[in-house]
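Undergrad: I would like the entire structure built from these sequences, with the hints used as guidance.
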Amino acid sequence: MSGRRVAVTGLGATTPLGGDAESSWSALLAGKSGVRLLEEEWAQELPVRIAAPAAVDPGDVLDRAAARRLDRATRLAAVAAREAWADAGAPDTDPVRLGVVVSSALGGVTSLLGAYDTLRAKGPRRVSPVTVPMLMLNGAAAHLAMTYGARAGAHAPASACASGAEAIGQAARMIRAGDADVVIAGGCEAAVHPLFLSAFAAMTALSGREDDPAAASRPFDRDRDGFVLGEGAGIVVLESAEHAERRGARVHAYLDGVGTTADAHHIAQPEPDGRDVARAIGLALAGAGLTPDDIVHVNAHATSTPHGDLAEAAALRQALGARAARVPVSGTKSATGHLLGGAGAVEAVFTVLALRDRLAPPTRTIEHLDEEVEGVLDIVREEPRPLPPGPAAALDDSFGFGGHNVVLAFRAAI
Amino acid sequence: MHTTDEILAAIAETVHEIAGPDIHEVQPDKSFADDLDADSLAMVEITVALEERLGVAISDAEAKNLVTVGDAVAWISAAQTGVAA
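Read top to bottom, the protein sequences are chains A and B.
Our numbering puts the first residue of the first sequence at 1, with every later residue one more than the last.
Our numbering puts the first residue of the second sequence at 415, with every later residue one more than the last.
I should point out that these hints are in silico values taken from the structure, not numbers from a laboratory.
Where a beta carbon is used, it is the ideal one built from N, C-alpha and C, also for glycine.
There may be inaccurate statements among the hints.
Pairs of lysine to aspartate or glutamate residues, derived as EDC-like cross-links and limited to a Cα-Cα distance of at most 20 Å, are as follows [to be verified]:
| hint | chain 1 | residue 1 | chain 2 | residue 2 |
| --- | --- | --- | --- | --- |
| 1 | A | 122 | B | 439 |
| 2 | A | 122 | B | 420 |
| 3 | A | 32 | A | 367 |
Computed, partial: chain B to chain A, Cβ under 7 Å [as the list claims (entries may be wrong)]:
| hint | residue |
| --- | --- |
| 4 | 433 |
| 5 | 434 |
| 6 | 458 |
| 7 | 470 |
TA: This is the structure in structure tokens:
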């Protein structure tokens, strides 16, 4: 990737594992699970009653009057952004050089459905005047732009479950192109609602392992049977390396490569050979000036669906060659479930923390590694795996329904 | 029928709930927009909530004339007796 170098200077997350990035990361390394059986009354008639709700209700940690105008997904983004901004040291930036790129897969869908319930039950006069601002997909980006006075641009790329990663990639491109010096970027999702549990179940996309919810999301396991719907947000502060250096900011890592491609194959199935995912990996490596031998860790998209995990394994094998079998690969959705538009962003935070702490997190639920992955990928299983010291780089894969592929290549800051 | 004290208390709780200021800040001389952080969207929510709570109908045109908390107390008080209706 030509142009200016992009530093990661702030990290924030609120996930099924914890209310901030560090507690989520610690829980992930400790092998904890954020997945549970939904015992709530509204879930009892559903075909699947397993989900991974956010560990901390964002309404509990935001200003009440401000929060009531925000969809739950935007609330989660606001919590993660507050952490990331503070972590970056609240960079003093010219507002016209500060941007926001934050998105989700589905937008403010629980607000939309709640407003429709109100319309049906009480009539049009009772529909809230903040319904549209709450449901629009760009709601989180617009809210954060207002909160931080970011006027360089506020964007919300829509690429289903790749949205969070695509947002981070687009933010890096804004900085490289010289359109901004600092960008708040990431993804959020809050769709643990009967409609989406029913709709994903209708696609046979969800795991039905109700007898053991914490083991339901099992990337690369022989007996995986679908993903677990999760919610949360991940936000990073990206900054031109010169800007970060000038203000003496601590740099967590560099985002040196972004690869984006499309399968142009099927609305909900991956292209089985992983052809375009492999190309996205290749583009991220080339943009970063990396070779497969530089990669020490991969945070896989690995949602625990039968086809998706194999297509990704095939893609990693194609793009990394023999190196694929020697790189520790983690499927962190084993612990968090699938945060849809939040997934790629939370996993970007985990990828950066893996480089910082030199630990690849476990894929906690594997009992029998899929034999088609055996010998192809080196999956990190029960325990965190130490990563080598010295120069190192890691990949974060994210894919979305519709064939959107995004790969982010991070270099350690050392 | 609600007394003016009851109406003021209802407005204070509603404004606190929707726009955020402390209940004791919601006094008759305060402007919804200038003093109490209630923008036009919040005013729609506040109006609808007061209609439901106090059993009065406030038209959109009438709501635009309610600049201060005192205006709203007086209008709702009169509306209850049919004077303003």
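Undergrad: Indicate, hint by hint, whether the structure satisfies it.
TA: Structure-based check of all given hints:
{"no.": "1", "hint": "A/122 x B/439", "verdict": "31 Å, violated"}
{"no.": "2", "hint": "A/122 x B/420", "verdict": "25 Å, violated"}
{"no.": "3", "hint": "A/32 x A/367", "verdict": "16 Å, holds"}
{"no.": "4", "hint": "433", "verdict": "6 Å, holds"}
{"no.": "5", "hint": "434", "verdict": "3 Å, holds"}
{"no.": "6", "hint": "458", "verdict": "4 Å, holds"}
{"no.": "7", "hint": "470", "verdict": "13 Å, violated"}
Of the numbered hints given earlier, the model fails hints 1, 2, 7; all others are met.
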